[in-house]
Amino acid sequence: MSALPDELLEKLQACDARIKSTNPQQGSLLHVRVTRTALKQAATILRDAGLYPVFMTAVHTDPHIALVYQFAASDRPLRVLLATTADKGGQAPSLTPLFPGMQWHEREARDMFGITFEGHPDMRPLIMCDEDRDLHPLLKDPKRLKTLAQLKGDDPAITDGEAP
Amino acid sequence: MTNSETEARTFRMHVNLGPQHPSTHGVLHLELEMYGEYVLGIDPVLGYGHRMHEKMAETRPWQSFFANTPRIDYACSLPHSHCYASLLEQALDIEVPARARSLRIITSELNRITSHLLWVGAFLLDLGAFTPILYCFDDREQAVDILEHITGNRLTHAYMCAGGVMADADDAILRKTRKFIQRMRGRFQIYDRLITNNIIFVTRTRDIGIITPDLARAYGATGPVLRGSGVPCDIRKIAPYGGYDDFEFDVPLGSNGDCLDRYSVRLQEMRQSLNIIEQALDQLPGGPVRAKVPRKFKPAPGHYSFSVEGARGDVTYWAVSDGSEIPYRLKIRSACMANLSLFPELCQGMLLADLISTLGSLDLVIPEIDR
Amino acid sequence: MDSETTIRIFISVVLVAGFVFANATVMGYLERKLAGHFQRRLGPMEVGWHGILQMPIDGIKLLGKRMLIPKQAEGLIFRLAPVISLSPVLLPLMVIPFSPALQVVDMKVGLIFVLAIEAFGTIAVFLAGWSSNNKYAMMGALRSVAQNIAYEIPILMVALSVALLARSFSLREIVMSQAALWFIVLQPLGFLIYMVAGLSECNRAPFDLPEAESELTAGYLTEYSGIAFSLFMIAEYTHMFIICCLATVLFLGGWQGPELPWAEYSSAIWFLIKAYGLMFCMVWVRWTFPRVRYDQLMNFAWKYLIPFALVNLFVTALGVYIYEKLFS
Numbered sequence: 001m002s003a004l005p006d007e008l009l010e011k012l013q014a015c016d017a018r019i020k021s022t023n024p025q026q027g028s029l030l031h032v033r034v035t036r037t038a039l040k041q042a043a044t045i046l047r048d049a050g051l052y053p054v055f056m057t058a059v060h061t062d063p064h065i066a067l068v069y070q071f072a073a074s075d076r077p078l079r080v081l082l083a084t085t086a087d088k089g090g091q092a093p094s095l096t097p098l099f100p101g102m103q104w105h106e107r108e109a110r111d112m113f114g115i116t117f118e119g120h121p122d123m124r125p126l127i128m129c130d131e132d133r134d135l136h137p138l139l140k141d142p143k144r145l146k147t148l149a150q151l152k153g154d155d156p157a158i159t160d161g162e163a164p
Numbered sequence: 165m166t167n168s169e170t171e172a173r174t175f176r177m178h179v180n181l182g183p184q185h186p187s188t189h190g191v192l193h194l195e196l197e198m199y200g201e202y203v204l205g206i207d208p209v210l211g212y213g214h215r216m217h218e219k220m221a222e223t224r225p226w227q228s229f230f231a232n233t234p235r236i237d238y239a240c241s242l243p244h245s246h247c248y249a250s251l252l253e254q255a256l257d258i259e260v261p262a263r264a265r266s267l268r269i270i271t272s273e274l275n276r277i278t279s280h281l282l283w284v285g286a287f288l289l290d291l292g293a294f295t296p297i298l299y300c301f302d303d304r305e306q307a308v309d310i311l312e313h314i315t316g317n318r319l320t321h322a323y324m325c326a327g328g329v330m331a332d333a334d335d336a337i338l339r340k341t342r343k344f345i346q347r348m349r350g351r352f353q354i355y356d357r358l359i360t361n362n363i364i365f366v367t368r369t370r371d372i373g374i375i376t377p378d379l380a381r382a383y384g385a386t387g388p389v390l391r392g393s394g395v396p397c398d399i400r401k402i403a404p405y406g407g408y409d410d411f412e413f414d415v416p417l418g419s420n421g422d423c424l425d426r427y428s429v430r431l432q433e434m435r436q437s438l439n440i441i442e443q444a445l446d447q448l449p450g451g452p453v454r455a456k457v458p459r460k461f462k463p464a465p466g467h468y469s470f471s472v473e474g475a476r477g478d479v480t481y482w483a484v485s486d487g488s489e490i491p492y493r494l495k496i497r498s499a500c501m502a503n504l505s506l507f508p509e510l511c512q513g514m515l516l517a518d519l520i521s522t523l524g525s526l527d528l529v530i531p532e533i534d535r
Numbered sequence: 536m537d538s539e540t541t542i543r544i545f546i547s548v549v550l551v552a553g554f555v556f557a558n559a560t561v562m563g564y565l566e567r568k569l570a571g572h573f574q575r576r577l578g579p580m581e582v583g584w585h586g587i588l589q590m591p592i593d594g595i596k597l598l599g600k601r602m603l604i605p606k607q608a609e610g611l612i613f614r615l616a617p618v619i620s621l622s623p624v625l626l627p628l629m630v631i632p633f634s635p636a637l638q639v640v641d642m643k644v645g646l647i648f649v650l651a652i653e654a655f656g657t658i659a660v661f662l663a664g665w666s667s668n669n670k671y672a673m674m675g676a677l678r679s680v681a682q683n684i685a686y687e688i689p690i691l692m693v694a695l696s697v698a699l700l701a702r703s704f705s706l707r708e709i710v711m712s713q714a715a716l717w718f719i720v721l722q723p724l725g726f727l728i729y730m731v732a733g734l735s736e737c738n739r740a741p742f743d744l745p746e747a748e749s750e751l752t753a754g755y756l757t758e759y760s761g762i763a764f765s766l767f768m769i770a771e772y773t774h775m776f777i778i779c780c781l782a783t784v785l786f787l788g789g790w791q792g793p794e795l796p797w798a799e800y801s802s803a804i805w806f807l808i809k810a811y812g813l814m815f816c817m818v819w820v821r822w823t824f825p826r827v828r829y830d831q832l833m834n835f836a837w838k839y840l841i842p843f844a845l846v847n848l849f850v851t852a853l854g855v856y857i858y859e860k861l862f863s
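Chains as they are written, first to last, in my numbering: chain A, 1 to 164; chain B, 165 to 535; chain C, 536 to 863.
In short, the hints are calculated from the structure, not lab data.
Heads up, the beta-carbon is just placed ideally off N, CA and C, and yes, glycines get one too.
Treat the hints with caution; some may be incorrect.
[What the hints assert, rightly or not] For lysine to aspartate or glutamate, the following EDC-like pairs were computed, each having C-alpha atoms within a straight-line distance of at most 20 Å:
id : chain 1 : residue 1 : chain 2 : residue 2
1  : C       : Lys568    : B       : Asp302
2  : B       : Lys219    : A       : Asp141
3  : A       : Lys140    : B       : Glu218
4  : C       : Lys670    : C       : Asp743
5  : C       : Lys670    : B       : Asp207
6  : B       : Lys219    : A       : Asp134
7  : A       : Lys140    : B       : Glu222
8  : A       : Lys40     : A       : Glu118
9  : A       : Lys152    : B       : Asp486
10 : A       : Lys146    : B       : Glu222
11 : A       : Lys140    : A       : Asp62
12 : A       : Lys140    : B       : Asp486
13 : C       : Lys670    : B       : Glu197
14 : A       : Lys152    : B       : Asp257
15 : A       : Lys146    : B       : Asp446
16 : A       : Lys146    : B       : Glu412
17 : B       : Lys401    : B       : Glu412
18 : B       : Lys219    : A       : Glu118
19 : B       : Lys456    : B       : Glu412
20 : A       : Lys146    : A       : Asp62
21 : C       : Lys670    : B       : Glu201
22 : A       : Lys143    : B       : Glu197
23 : A       : Lys152    : B       : Glu489
24 : C       : Lys670    : B       : Asp486
25 : A       : Lys143    : B       : Glu489
26 : B       : Lys340    : B       : Glu201
27 : C       : Lys596    : C       : Glu581
28 : A       : Lys143    : B       : Asp486
[What the hints assert, rightly or not] With beta-carbon atoms standing in for the labels, derived distance ranges:
id : chain 1 : residue 1 : chain 2 : residue 2 : range
29 : B       : Asp371    : C       : Leu716    : 43 to 49 Å
30 : B       : Gln353    : C       : Ser863    : 54 to 60 Å
31 : B       : Tyr199    : C       : His585    : 48 to 54 Å
32 : A       : His136    : C       : Leu611    : 49 to 55 Å
33 : C       : Lys600    : B       : Glu509    : 40 to 46 Å
All chains should be built: construct the whole structure from the sequences, respecting the hints.
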């Protein structure tokens with residue numbers, strides 16, 4: 001049921017994605033960067049390949065917040081890291097209709113970063129209490145904020161501050 | 165008001181289960197919509213144990229976070245430390261000495277046994293049997309004594325560090341560990357007689373809370389929850405780390421996905437952990453237990469990820485470095501969060517007693533969800 | 536009724552009341568010690584030799600605690616419920632024959648009297664749960680009412696079978712008709728049904744759903760503290776004692792045993808040994824098994840115990856009829 005990394009690579013190329021494949025200690029790890037509009041298409045490919053959602057999180061970068069999703073296969077050492085950015089107003093499409101497990105991760109991302117997800121059924125705070133719902137603790141101090149370029153290292157899947 | 169409206173208003177109840185409750189392990193608050201004894205809807209309210217570990221990671225050096233990792237999932241803390249240590253070693257290209265790898269595996273598997281023993285006792289306590297928890301704690305005490313001797317701590321073992329482990333284990337404690345293995349192997353028949361073959365226990369757990377593999381995968385549930393449904397997903401076998409591929413062990417599976425299967429899987433996993441520890445003791449090499457590491461950790465800019473098999477499932481740490489000695493972002497993926505997120509869909513229309521059974525069988529440590 | 540009988544009954548009532556509190560003390564201590572030993576630990580050890588003064592000290596402590604009454608609770612019923620729970624466990628002790636001379640009143644319908652008064656205990660549990668104005672307490676009370684009603688029926692049927700064998704409802708005569716053979720030999724199924732249903736009547740594990748700690752945080756007792764709590768506990772232990780005494784009378788031959796000096800009074804020792812032996816088994820069962828789920832509990836009563844008790848009754852009646860025909 002789970003597609004081999006090469007098959008997945010082919011399908012993901014169709015989403016206009018930038019992909020880097022590495023082989024760390026733990027099998028193959030695909031770093032995939034997609035535009036926000038292609039996010040759902042890429043996620044559908046991964047769901048049909050039988051991967052389960054590991055996490056969804058965000059990183060506060062300059063000028064847009066980066067979104068990161070990780071998926072894993074349950075029968076082979078394959079992990080896929082899907083990266084994109086939120087738009088200027090902090091909006092992003094929700095993957096909850098595709099992966100019900102993303103619901104709580106997206107609620108937590110809203111608590112920590114203030115990102116709103118279009119299409120999410122229930123955007124209440126998950127971890128923050130009601131008084132602190134707009135605290136967004138993981139947003140960075142402007143003095144400490146970095147751009148994507150400063151964080152990319154040698155990973156071509158992360159590009160220089162492009163707003164896709 | 166019509167008859168059915170009056171009836172609905174009289175019989176529907178909104179009940180709060182927790183946050184202070186003997187059965188919700190940790191501070192879990194479930195808001196239940198109940199019709200008599202049946203649960204119509206569940207809304208978990210989280211955040212009572214939120215301590216902001218991810219923010220703490222952004223304000224202190226990389227190696228200081230080892231003080232936080234045991235406290236995230238305190239019942240089985242060594243896999244979390246193992247994950248973070250392996251992440252740093254991967255980022256800084258540090259090689260761990262062979263003896264340290266074996267000691268890491270021995271202590272992690274002992275920790276898995278203590279975590280599962282705690283779960284067995286607490287699960288039976290939820291079902292109303294007051295005695296098994298004391299038998300489990302008796303066995304657990306032996307294992308915790310060994311861990312205390314090796315790591316210095318009974319629960320939140322701050323034992324791993326980037327490059328190896330903090331201290332060596334002497335021969336006396338390793339002999340004691342062998343004795344513990346022999347003793348523990350003989351104890352399983354007590355658990356079988358008292359618990360597994362008890363008809364009341366079986367009727368309360370068989371065909372209760374059935375989780376299908378598709379449901380589990382859709383929510384990202386892993387660990388015994390997924391293996392109880394028959395999916396052979398164990399990171400120690402699929403993507404071995406830290407030397408696990410040197411040892412032979414089986415991955416127990418359930419067939420039905422009910423509470424009884426999850427119980428059996430955890431009981432069998434304890435047996436397999438004993439096998440792993442025995443093999444590790446037989447093959448234990450000599451040598452140093454800590455590699456030379458730089459004083460300040462400054463991983464190259466980029467992002468790093470590592471995953472281990474905790475007692476409750478897939479534990480993944482994902483870190484972003486900007487080249488300085490303080491992390492830019494650290495994401496901790498907790499296994500319990502995915503396991504609990506399938507609970508509202510699973511428990512529509514269940515009896516309250518079955519809800520308690522199923523909640524117990526998920527093996528939750530709520531502070532791991534809240535971090 | 537002359538003054539001698541009045542004085543005798545008055546003294547007996549006082550003695551029985553005293554015995555109830557003494558029994559609660561002894562049973563409380565035994566339960567904690569036995570629970571400890573079943574669980575590989577020692578139980579109370581600090582207060583007195585091996586903790587023997589634990590229960591009196593606990594009683595004094597509970598007397599000194601303030602009884603907290605929730606603001607929204609029904610004040611009068613809330614305060615009355617513990618008292619109502621104690622009354623139906625004092626009365627049956629008046630008709631139970633501890634030995635040939637130690638019985639306060641011997642009623643011709645003693646068996647029916649005991650079973651009828653015991654049923655009142657259900658009302659006290661329900662009032663306690665309902666007046667607490669607490670959802671958990673009310674759920675515990677509802678469960679308890681349904682459970683008690685269901686499990687009374689097998690007890691009644693088994694008691695009727697025994698009354699058929701003894702040809703009488705008087706407890707004294709039931710004991711005396713076991714001089715040749717104890718009824719447990721003739722009614723083994725009846726004995727089992729009675730003990731299981733009796734466990735459920737007392738709300739003891741594995742049928743302790745009304746006070747299920749891990750689900751409802753003490754159920755109908757959630758809001759009670761201090762002296763009210765201890766009254767409920769005393770009522771529960773005494774109810775257990777009455778169930779076991781009735782079992783001894785109906786199945787185990789009451790006071791009959793090897794001859795002792797002053798047999799008229801001292802054969803109470805055999806009675807108490809048998810009753811406390813059954814209580815020990817009840818404690819043993821409590822600390823061994825998990826709790827039965829609510830619908831499984833009701834299924835068990837209506838689909839298994841009651842049909843079996845009916846069959847038992849029918850077979851007993853048939854047996855008695857044939858016996859009469861053959862030997863009279």
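For each hint, the structure was consulted:
1. C:Lys568 x B:Asp302: 18 Å, holds
2. B:Lys219 x A:Asp141: The given pair, whose Cα atoms are some 12 Å apart, holds under the 20 Å limit.
3. A:Lys140 x B:Glu218: OK: Lys140 (chain A) and Glu218 (chain B) at ~12 Å, within 20 Å.
4. C:Lys670 x C:Asp743: 18 Å, holds
5. C:Lys670 x B:Asp207: 18 Å, holds
6. B:Lys219 x A:Asp134: 16 Å, holds
7. A:Lys140 x B:Glu222: Given pair Lys140 (chain A), Glu222 (chain B) holds - Cα atoms ~9 Å apart, limit 20 Å.
8. A:Lys40 x A:Glu118: 12 Å, holds
9. A:Lys152 x B:Asp486: 8 Å, holds
10. A:Lys146 x B:Glu222: 13 Å, holds
11. A:Lys140 x A:Asp62: 10 Å, holds
12. A:Lys140 x B:Asp486: With a Cα-Cα distance of about 13 Å, the restraint between Lys140 (chain A) and Asp486 (chain B) holds, given a limit of 20 Å.
13. C:Lys670 x B:Glu197: 12 Å, holds
14. A:Lys152 x B:Asp257: Distance of about 18 Å is within 20 Å: holds.
15. A:Lys146 x B:Asp446: Given that 20 Å is the threshold and the Cα spacing comes to 50 Å, the pair is violated.
16. A:Lys146 x B:Glu412: Distance ~46 Å between Lys146 (chain A) and Glu412 (chain B) Cα, so the pair is violated.
17. B:Lys401 x B:Glu412: 10 Å, holds
18. B:Lys219 x A:Glu118: 26 Å, violated
19. B:Lys456 x B:Glu412: 30 Å, violated
20. A:Lys146 x A:Asp62: With a Cα-Cα distance of about 6 Å, the restraint between Lys146 (chain A) and Asp62 (chain A) holds, given a limit of 20 Å.
21. C:Lys670 x B:Glu201: 12 Å, holds
22. A:Lys143 x B:Glu197: Answer violated: Lys143 (chain A) to Glu197 (chain B) is near 47 Å, above 20 Å.
23. A:Lys152 x B:Glu489: The given pair, whose Cα atoms are some 16 Å apart, holds under the 20 Å limit.
24. C:Lys670 x B:Asp486: Judged against 20 Å, a Cα distance of about 54 Å means the pair is violated.
25. A:Lys143 x B:Glu489: The hint holds at about 16 Å.
26. B:Lys340 x B:Glu201: Judged against 20 Å, a Cα distance of about 49 Å means the pair is violated.
27. C:Lys596 x C:Glu581: 16 Å, holds
28. A:Lys143 x B:Asp486: 14 Å, holds
29. B:Asp371 x C:Leu716: 43 to 49 Å: 45 Å, holds
30. B:Gln353 x C:Ser863: 54 to 60 Å: Distance hint for Gln353 (chain B), Ser863 (chain C) holds at roughly 56 Å.
31. B:Tyr199 x C:His585: 48 to 54 Å: 50 Å, holds
32. A:His136 x C:Leu611: 49 to 55 Å: 53 Å, holds
33. C:Lys600 x B:Glu509: 40 to 46 Å: 45 Å, holds
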